[in-house]
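Asks: The residues making up each chain are set out below.
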Amino acid sequence: MPILVYAESDQGIFKKSTQELISFARAIADQMNTEVIAAVTQDPSNANLGQYGAHKVLNLEQPSLGEFNAELVADALTQAARATGSSTVIVSSSANSRYMAPLLAVSLEAGYVPNVVALPQSYTPLTVAHNVFTNKATAFTSLQSSISILGLSKNAYGVHQYDTNAAITKQEVTLTSSSVEVTSLDKASNKVMIADAEVVVSAGRGLKGPENWGMIEELAEVMGAATACSKPVSDLGWRPHSEHVGQTGKPVASNLYIAIGISGAIQHLAGINSSKVKVVINTDPEAPFFKAADYGIVGDAFEVVPDLIQKLKEFKAQNA
Amino acid sequence: MHSKIEGIIVSLYQQNNDSKNCPLPMKILVCISHVPDTTSKINFNADQTAFDTAGVQYVINPNDEFGLTRALWFKEKQGAAIHVVNVGGPETEPTLRKALAIGADEAIRINQPATDGYSVAQALAIVVQEGQYDLVIAGRESIDYNGGMVPGMVAKICGYAFVNTCIGLDIDGASVTAVREIDGGKENLKTTLPLVIGGQKGLVEESDLRIPNMRGIMQARTKPLHVKQTEHPNAMSQTLRYEKPAPKQAVTLVENAEQLINLLHQEAKVI
Ligand SMILES: Cc1cc2nc3c(=O)[nH]c(=O)nc-3n(C[C@H](O)[C@H](O)[C@H](O)COP(=O)(O)OP(=O)(O)OC[C@H]3O[C@@H](n4cnc5c(N)ncnc54)[C@H](O)[C@@H]3O)c2cc1C
Ligand SMILES: Nc1ncnc2c1ncn2[C@@H]1O[C@H](COP(=O)(O)O)[C@@H](O)[C@H]1O
Chain A
1 MPILVYAESD QGIFKKSTQE LISFARAIAD QMNTEVIAAV TQDPSNANLG
51 QYGAHKVLNL EQPSLGEFNA ELVADALTQA ARATGSSTVI VSSSANSRYM
101 APLLAVSLEA GYVPNVVALP QSYTPLTVAH NVFTNKATAF TSLQSSISIL
151 GLSKNAYGVH QYDTNAAITK QEVTLTSSSV EVTSLDKASN KVMIADAEVV
201 VSAGRGLKGP ENWGMIEELA EVMGAATACS KPVSDLGWRP HSEHVGQTGK
251 PVASNLYIAI GISGAIQHLA GINSSKVKVV INTDPEAPFF KAADYGIVGD
301 AFEVVPDLIQ KLKEFKAQNA
Chain C
321 MHSKIEGIIV SLYQQNNDSK NCPLPMKILV CISHVPDTTS KINFNADQTA
371 FDTAGVQYVI NPNDEFGLTR ALWFKEKQGA AIHVVNVGGP ETEPTLRKAL
421 AIGADEAIRI NQPATDGYSV AQALAIVVQE GQYDLVIAGR ESIDYNGGMV
471 PGMVAKICGY AFVNTCIGLD IDGASVTAVR EIDGGKENLK TTLPLVIGGQ
521 KGLVEESDLR IPNMRGIMQA RTKPLHVKQT EHPNAMSQTL RYEKPAPKQA
571 VTLVENAEQL INLLHQEAKV I
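Protein sequence lines correspond, in order, to chains A and C. Its first residue numbered 1, the first sequence is counted upward by one per residue in the numbering used here. Its first residue numbered 321, the second sequence is counted upward by one per residue in the numbering used here.
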């Protein structure tokens, strides 16, 4: 029975997390001797999803799916899963997928495991490793339902290349109206989002005040990174709440996380420790962050960061 | 099962429509997850099959505390009855009493181990439907099992509208405006009661959170805490064992930016 992937896109662009989802599904499909169907809600004709491992693309596009609506997407995917007889549905860890997946789980009477970090340990029954206790531990969970939904953690598997030729078929779905309506959207279009970022530059109370964030933003710009902050920094109003990362803020699973003037409290580390490489810059060699980091500089942010910006610019110029 | 649930939903909607003519105070149910304090060290028993509770302090899940505080705001500003509910064993009662001490009116404990999100959601849905709540406030996720699935499942089972990662909520009669946090921004939404939200910081500010005072604690002792038995709902998943991450290698300390860039480029290969 095929594996259905909810292939999210933004204005026709399939993000890296979607590509990763498809590659992950392909590895499972190869084990189970079945195929990967990428379900899309926007025009897929400009993207070649076969190159990430999809066998087929199922186009669910229709006007009411033009803007994301969790109820309608769950409805459409329910119909797609039924029509294709899929036994597994794979979704991402984006805010939209995490909103939609529980609705889908109820309508398909499917078990749902989010934060999956590796290929299944076994296929019958389906047993997967997923992070729990805000990444302080991994659980191994078996699904007992006939349909399973897996939510893949970002950056947990990687994108793999295939040369499959995925044909696009249109799937008609019947959708009623939703009880929730979007009235307006407030989205920074030019900023790198924490959820998608490969690199996150984060700063804490060690920066002394909001007026000192210029160098943090400049460092982020040079690195193509998203900016983040510790909880007290957002509580003090130095930075917006949307930048607060940690156990009670946003989770970070980037390739590189740079913590500047952040002490490394357990609640902060819990939210960021699934980042692959962690760098700390702090004046205090006893700061707990040094125990969690891969690389560290004991030094004053006001000296180290401007130097880092300068050297990165030179590095980029040489490697361009 | 579905037809029975649909029947209940239809009657719920009718009641809600009737109540427009004679507005009753809003009935709010706040779902409270009982979780290890954020500073807890996470350990498992010898065969790694269960969480080791020795020496662990339990608290109201932080996301639920923001939700409960918003519920109190509705009660004080617009009038509302607040019930809190937990699915769990007797050990969760001190956490429910704390919610009563902060200001909830009644508590319900569904006496059942919280095994997986689906079975917890089914048990909660029974309470939601029986109590005909207008608004169900749950958290975006619990900080222990991090499922982020219970609120959406409750909404879908009960046929309620659903807003996740909710950072703003205003209610006027049956009309609702809400703000949802999305990746890289926020979205303003319009919906109607009955509604379930998955809430978080932003619903109220950190500084609005309340510490129970002596009077609240005394009152909480005599407020009702109902223990309810439901039919044991089906679990969809079972956790077999847990693992802690391997101990980390010691940090590599560098002297300056140049060395750092070299290591990030050549060794870590992240730039
Ligand atoms: C229930 C609960 C939930 C929480 N959730 C979160 C969460 O999700 N995320 C979170 O971040 N926190 C969270 N916290 C707060 C957490 O416990 C810490 O208080 C917080 O992370 C500390 O932030 P900080 O590192 O910015 O500040 P501080 O702890 O004040 O650290 C500042 C650091 O900057 C260094 N420093 C000072 N000057 C310089 C300089 N010139 N150059 C370089 N370094 C310098 C200092 O040595 C120090 O290590 C939570 C707390 C609780 C109780
Ligand atoms: N055992 C439980 N009892 C009551 N509410 C719960 C329980 N588990 C989860 N919830 C609610 O659902 C939210 C999300 O939990 P979860 O899906 O486990 O991440 C929590 O913040 C609670 O509001």
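Take these hints with a grain of salt, some might be off.
As the list claims (entries may be wrong) - Derived DEER-like restraints, expressed as beta-carbon distance ranges: (1) C:LYS548 - A:GLY209: 34 to 42 Å; (2) A:LYS316 - C:GLU587: 17 to 25 Å; (3) C:LYS568 - A:ALA83: 42 to 50 Å; (4) A:GLU211 - C:ARG541: 44 to 52 Å; (5) A:GLU211 - C:GLU413: 44 to 52 Å; (6) C:ASP490 - A:LYS316: 56 to 64 Å; (7) C:GLY451 - A:LEU236: 33 to 41 Å; (8) A:GLU217 - C:VAL376: 38 to 46 Å; (9) A:ALA167 - C:PHE364: 45 to 53 Å; (10) C:LYS568 - A:LEU236: 50 to 58 Å; (11) A:ASP10 - C:LYS361: 51 to 59 Å.
To be verified - For lysine-lysine, the following PhoX-like pairs were computed, each having C-alpha atoms within a straight-line distance of at most 25 Å: (12) A:LYS276 - A:LYS311; (13) C:LYS589 - A:LYS313; (14) A:LYS291 - C:LYS361.
No wet-lab data here; the hints were simulated from the structure. Ideal placement from N, C-alpha and C gives every residue a C-beta, glycine not left out.
Asks: Which of the stated hints cannot be reconciled with the structure, identified by number in ascending sequence?
Replies: 1, 6, 10, 11
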